[in-house]
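Asker: Protein chains in written order, with the numbering used here: chain D, 1 to 151; chain W, 152 to 302.
Honestly, the hints are just simulated from the structure, not real lab data.
Please note: incorrect hints may appear among the correct ones.
Unchecked claim - Here are some chain W residues pointing at chain D (derived, C-beta under 7 Å):
no., residue
1, Lys-154
2, Ser-160
3, Glu-161
4, Phe-182
5, Gly-220
6, Leu-241
7, Val-248
8, Lys-293
For every residue, glycine included, the Cβ atom is placed at its ideal position computed from N, Cα and C.
Below, each chain spelled out in residue letters.
2 protein chains.
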Amino acid sequence: MKKYILGTSEVTQIGILVRDIETSARLYADFLGVPVPPVRTTDPQEKSKARYRGKPGRGRARLAFFKVGPNVEIELIQPDAEPSTWREDLDRRGEGVHHIAFQVKGMKEKIAALEAEGMPLLQNGEYTGGRYAYIDSSRDLKVTIELLEND
Amino acid sequence: MKKYILGTSEVTQIGILVRDIETSARLYADFLGVPVPPVRTTDPQEKSKARYRGKPGRGRARLAFFKVGPNVEIELIQPDAEPSTWREDLDRRGEGVHHIAFQVKGMKEKIAALEAEGMPLLQNGEYTGGRYAYIDSSRDLKVTIELLEND
Numbered sequence: 001m002k003k004y005i006l007g008t009s010e011v012t013q014i015g016i017l018v019r020d021i022e023t024s025a026r027l028y029a030d031f032l033g034v035p036v037p038p039v040r041t042t043d044p045q046e047k048s049k050a051r052y053r054g055k056p057g058r059g060r061a062r063l064a065f066f067k068v069g070p071n072v073e074i075e076l077i078q079p080d081a082e083p084s085t086w087r088e089d090l091d092r093r094g095e096g097v098h099h100i101a102f103q104v105k106g107m108k109e110k111i112a113a114l115e116a117e118g119m120p121l122l123q124n125g126e127y128t129g130g131r132y133a134y135i136d137s138s139r140d141l142k143v144t145i146e147l148l149e150n151d
Numbered sequence: 152m153k154k155y156i157l158g159t160s161e162v163t164q165i166g167i168l169v170r171d172i173e174t175s176a177r178l179y180a181d182f183l184g185v186p187v188p189p190v191r192t193t194d195p196q197e198k199s200k201a202r203y204r205g206k207p208g209r210g211r212a213r214l215a216f217f218k219v220g221p222n223v224e225i226e227l228i229q230p231d232a233e234p235s236t237w238r239e240d241l242d243r244r245g246e247g248v249h250h251i252a253f254q255v256k257g258m259k260e261k262i263a264a265l266e267a268e269g270m271p272l273l274q275n276g277e278y279t280g281g282r283y284a285y286i287d288s289s290r291d292l293k294v295t296i297e298l299l300e301n302d
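Isolated chain D (complex conformation):
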């Protein structure tokens, strides 16, 4: 594998799929000793421009975030019924860890570099202030990685 392909070695997020985000957010809040965070919903495809396996990605998710270190967060993810990497993994493997994330600069170049190494793009899109991409890195890294780029 090309060395230091992302230009970072810092994991900044652990994404966990759940079926009932209100219940899970409450349990995590108690467990971590923090207030229950707001649950927010990813943007509709018209805004997010999401693509999933080469097609417009209509799947959305409800999200809740918890700080679990100086620069690490847990993201709880409850997908809707439409196709997405979240829905696919929840159906296939059940609740549990979906991804680990890295902050990158130069999203397009990073995606291209990963694809050249046999790690294809699974899903990508935009959010207010940045963009994300999920990569099928399971063959080499045994976990899905997410790239996050904030402007």
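Knowing the structure of chain D, use the given hints to seat chain W on it.
Answerer: Here is chain W on its own, set in the frame of chain D:
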């Protein structure tokens, strides 16, 4: 759930099950831009005093560690064939994330507090300079947690 039950909210380790630790360690080293770390083996049961599901835990694992943040590491884990939480999860779910870990003080009290909340002890043992416990927290947290206590 009892609030702030561990007395910490900081995730310090992400444990990932692999079938071939030499190959995975090399790929992670390239990906993260670091030298390939040494692979070490957990102690035999006579030394680790490991217990797994209420019996002496003879399962061992080969481990490799990568720093992925100021206070976070990825632990690659290749279990042997004997029964352990590592072997059980690898057989049931395949390669992928096994646990997230927290540093605690007062291991016995923390295990008892978690058990009182319906999160039973799965496996525990000692290593040079400390002790560990894996907890079946999947019902509430959707992931196995590990407690680590260093002296």
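Asker: Next, verify each hint and record whether it holds.
Answerer: Taking the hints in turn, this is what the structure says about them:
About 5 Å separates the beta-carbon of W:Lys-154 from the nearest beta-carbon of chain D, less than 7 Å, and the hint is met. The beta carbon of W:Ser-160 is positioned within 7 Å of a beta carbon in chain D (closest approach about 4 Å), and the interface hint is therefore held. Hint status for W:Glu-161 relative to chain D: holds, with the closest Cβ pair at about 5 Å, below 7 Å. The beta carbon of W:Phe-182 is positioned within 7 Å of a beta carbon in chain D (closest approach about 6 Å), and the interface hint is therefore held.
A distance limit of 7 Å between C-beta atoms decides the matter here; for W:Gly-220 the minimum to chain D is near 5 Å, and the interface restraint holds. Among the interface hints, the one on W:Leu-241 is violated; its C-beta lies about 10 Å from the nearest C-beta in chain D, farther than the 7 Å criterion. At its closest, the beta carbon of W:Val-248 sits 4 Å from a beta carbon of chain D; the interface hint therefore holds under the 7 Å criterion. Annotation: interface hint on W:Lys-293 holds; nearest CB of chain D at approximately 4 Å, less than 7 Å.
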